[in-house]
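Could you build the full structure based on these sequences and the hints that come with them?
Protein chains: 4
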Amino acid sequence: MEQQLKFAVVGGDMRSANLAGLLASDGHSVRAYALEKYNFAENVTKAFDFAELMKRVDCVILPLPIQSDPDVLNAPLSLNSYSVNEIFNLFHIGQTVIAGKVGNSLFERAGHNGILLFDYLEREEFTVANSVACAEGAIQLAMEELPITLHNANCLVIGFGHIGKLLSHYLAGLGANVTASARKYGDLAWIRAYGYNPANTGSLSGMLGSFDVIFNTVPSRILTAELLEEVRENCLVIDLASKPGGIDFNAAKRLGVKVIWALSLPGKVAPVTAGIAMRDTIYNILSEWGVGK
Amino acid sequence: MEQQLKFAVVGGDMRSANLAGLLASDGHSVRAYALEKYNFAENVTKAFDFAELMKRVDCVILPLPIQSDPDVLNAPLSLNSYSVNEIFNLFHIGQTVIAGKVGNSLFERAGHNGILLFDYLEREEFTVANSVACAEGAIQLAMEELPITLHNANCLVIGFGHIGKLLSHYLAGLGANVTASARKYGDLAWIRAYGYNPANTGSLSGMLGSFDVIFNTVPSRILTAELLEEVRENCLVIDLASKPGGIDFNAAKRLGVKVIWALSLPGKVAPVTAGIAMRDTIYNILSEWGVGK
Amino acid sequence: MEQQLKFAVVGGDMRSANLAGLLASDGHSVRAYALEKYNFAENVTKAFDFAELMKRVDCVILPLPIQSDPDVLNAPLSLNSYSVNEIFNLFHIGQTVIAGKVGNSLFERAGHNGILLFDYLEREEFTVANSVACAEGAIQLAMEELPITLHNANCLVIGFGHIGKLLSHYLAGLGANVTASARKYGDLAWIRAYGYNPANTGSLSGMLGSFDVIFNTVPSRILTAELLEEVRENCLVIDLASKPGGIDFNAAKRLGVKVIWALSLPGKVAPVTAGIAMRDTIYNILSEWGVGK
Amino acid sequence: MEQQLKFAVVGGDMRSANLAGLLASDGHSVRAYALEKYNFAENVTKAFDFAELMKRVDCVILPLPIQSDPDVLNAPLSLNSYSVNEIFNLFHIGQTVIAGKVGNSLFERAGHNGILLFDYLEREEFTVANSVACAEGAIQLAMEELPITLHNANCLVIGFGHIGKLLSHYLAGLGANVTASARKYGDLAWIRAYGYNPANTGSLSGMLGSFDVIFNTVPSRILTAELLEEVRENCLVIDLASKPGGIDFNAAKRLGVKVIWALSLPGKVAPVTAGIAMRDTIYNILSEWGVGK
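Chains as they are written, first to last, in our numbering: chain F, 1 to 293; chain E, 1 to 293; chain H, 1 to 293; chain C, 1 to 293.
Be a bit skeptical, because a hint or two may be false.
As the list claims (entries may be wrong) - Derived pair list, reagent style DSSO-like, types lysine-lysine, alpha-carbon separation capped at 27 Å:
| hint | chain 1 | residue 1 | chain 2 | residue 2 |
| --- | --- | --- | --- | --- |
| 1 | F | LYS184 | E | LYS184 |
| 2 | C | LYS184 | H | LYS184 |
| 3 | H | LYS55 | H | LYS37 |
Unchecked claim - Partial selection, computed: residues in chain E whose CB lies under 7 Å from chain F:
| hint | residue |
| --- | --- |
| 4 | GLU124 |
| 5 | LEU166 |
| 6 | ASN284 |
Keep in mind that the hints were calculated from the coordinates and are not lab data.
Cβ atoms here follow ideal geometry from the backbone N, Cα and C, with glycine treated the same way.
Written as structure tokens, this is what we have:
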């Protein structure tokens, strides 16, 4: 950003807190709201009157995800609770707002009210940067849980989307034996091109017994009770898929298969990197819309 | 393929010749037509009467690309010349035909005549497998032409599509310093995620002087005379883009920049691998359409 | 091992416990002594009379390291304490004994008494396998401690011995920017050949401020107070060197530099893999000496 | 080098010619002798009177290898022939001379005459840098000869010394399936640590039929007639070992196995990189001996 802007960072977890510091370090004026528990450096000022804050701000940064429960602002670093709708009430026409995992109703409302609303998750560059942190977090988890090294371990990565691609890449870099699964011929060709063993997500039966760790990235029930029965004793299953997840958790419990459902990894394992991903995406959005030039 | 089929491999270069052998090795009955110059093993029979051949064939394999000049079958291993239209005249209703780089008019005709016509190039798995061979061919070319090792060489890969992705991956595997360029924020994020230096395809000016070799994969005029002037003496430029190519070849000549326009690399550097890619794609097409089951 | 042998696994940590199970899985007869706290599968029998045990054993496995304090057997999984000397008193002439970090005096004694004594640490294959686990453990630690991803982090690896080589390799595989330091021209050439940034261990001053994490592998005081002053705020320092370590720990504390002295990582992060390394080395030793053929 | 020196580059191939240019580019005064056929840039002066040249030179650079036939200077870029002995006659006491593959008799003579004689090949950093170029040259050769891509090819690298290590590394980087062989347990552990399939050089029988290309780096007869019989039809064998080579060339011919004995690859495939390796090594030698400070 060439020009210095006025940002309001509103709610969110450690990523938002780090984001506020990063924006301030770039010379922007940054006010933090609904982040009272966090101890900011002096270049970030805490704000307490939201309506007042909205009067003099170029861009409002809401959390990822924007809400924890319906209409409840996701604000784990705040002492209070806030209504997303009330926050939207205070945006003026033309207000630039960036948030994460925004539902259709909020987009509609933004459309009616002339609010320029953007979602991180619609930005490919954010998804990629987030997936890097997510893949590395999954590797950390596996290292922590397994009594063997990932080096030379037999790893299955189910799904070859953003996270699947990067997780396979880093696992191979650590010397793991990587099998990646997909359904489309094209994805299977990419899996071969990058040097992993290909498998068909739809026909995993018969091969599951050979893996030390299985990472699922597909958000639909892949590992059914039937398939979980094939899994080797001591095999670790890490589910990276958002709700409803890809594993029959009850069956896993019954069968004694250790499953970790790892959600929101970037914010947990690498909040600074995750904050950087948010910052870069914000700059890209503003730059595309001519804000701050 | 579970079932044994009758294939006619018609025209094409070394890839088609290898393909015929590969299909025969899998137990299929294979007749080769318009491939007289090639010396097949005994499991491939040459055919000389096309009309007769069409009477008893399950699948016809035409070349990639299907034609060299308008209506002229691409048949460098034949002693004769053939009209693509006349060949199409002899297909019966319901005939399965697989070809490469098929134009709209042929697809229209196939539609009218009830011919099941498929194009390799519309198959992602073929494009990927072909890009592997193309990327490796580009590396071979660079090794042959450069008096330095690619290890530690400064390499620019322009464009981050199929070939750009794989070329960057293999160059990095050889220890080159890889810069990859793209236009979209998302592609630039992928470039960073895989560990290459990112550059914007639209603003290469000012950085071109630092590269030992530049690979272009974008089929539009990227390296203009103006940009070519910035290129270091002894820099090698390899253009992998199909017509019209991405380089101002006249300007390069005038400026003394060595440019190699490398087309059809897979067939030249790895005809067997290219034949395997064709075979696998053919099997996938037939399997999706229920042929041979 | 073709032949089934009688092993006594005596003392040691989780690695020894795992080793006992691995040997038993290969069909050997395994007795565990001084490992009472561990709950073995039924193919490993606990022994309680050492003298009796020694009468019918082909190979005795002592811990790595053999002693925790002078003359005290390293036996954290035992309820009792044992004198290494008394254990040696009960070995008969020709007894094969494999232990770790054996001092000269024990080797002398073994020589006088006709005991075939071997040390894991004199075996290159063990050192390498152990270094794999150590390098991966260091990566796990760094992931746990850092609020950023290792991907794209600036990492310094001091020393290019076993651990330095593998740690650099895996860090690069994760997409970190790896600088490795050494003193010899030859090692620096290897560092370049593998594609890392080279640095001279003797002249790190002036560059230390650019790293997010520093791994030391050299067991002599490299990071003096003077150098630690150059380290960036939030930089993490992980010392993998055995005593006396490579860092001025007092100075680090005074300067607020976070240092983790990570010893015995393989047994902590990957006890099964570490047990496998012991087993393979034992087999190699026995095979070279013709035991068990 | 801080100080500017006077170099005489005497004889040698393209590497020496490139070396002369590189030294001159660094500001040194460079005279070329016995390199008449090469067209130097203007910062390198050709010399024609060797005795005169020796009067005012700080360091003499002889070729690698120093002689082609006994006592015949290796000077393919010269129009004349020179006796190594006569050249040595003209060195004065204390003369610094750097050459390659120097025999014992010349070292003895240098000792008697007070000549400071160094051999590139005794320098680890040179061997490593040379091995990088050699490994890449072997890859280029394989790409040129094989009708398949190295990606996904089954490659055997016999011997895990300098070239074996780097060749395995780069082949893996290209996506080849790499098996590396060695004899020592320690080397086999390194092979595993880097993620290649391990094989024992002494027991290759029974597995040779699975490789598409075999690279030998061991300078003793490994691939006997008996083993060559196991090699797959169309398998390419590249021998990188210096005399006597590692392959029974007669048997290979008889059996129809394609063998390429690839000697002196660095000078052929990457003369500039090879010249840089010489320059860096020369600077290191001079720096260690306090010349030029």
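Given the hint that LYS55 of chain H pairs with LYS37 of chain H, does the C-alpha gap stay at or below 27 Å? holds, 24 Å
Hinted pair, alpha-carbon criterion (27 Å max): LYS184 of chain F, LYS184 of chain E. Please report holds or violated. holds, 25 Å
Using 7 Å as the Cβ threshold, decide whether GLU124 of chain E counts as touching chain F. holds, 3 Å
Given pair status - LYS184 of chain H, LYS184 of chain C, alpha carbons within 27 Å: holds, 25 Å
Would you settle whether the hint for ASN284 of chain E is holds or violated, based on the nearest Cβ-Cβ distance to chain F being less than 7 Å? holds, 5 Å
Mind checking the CB of LEU166 of chain E against every CB in chain F and telling me if the closest is under 7 Å? holds, 6 Å
In this structure, every one of the numbered hints holds.
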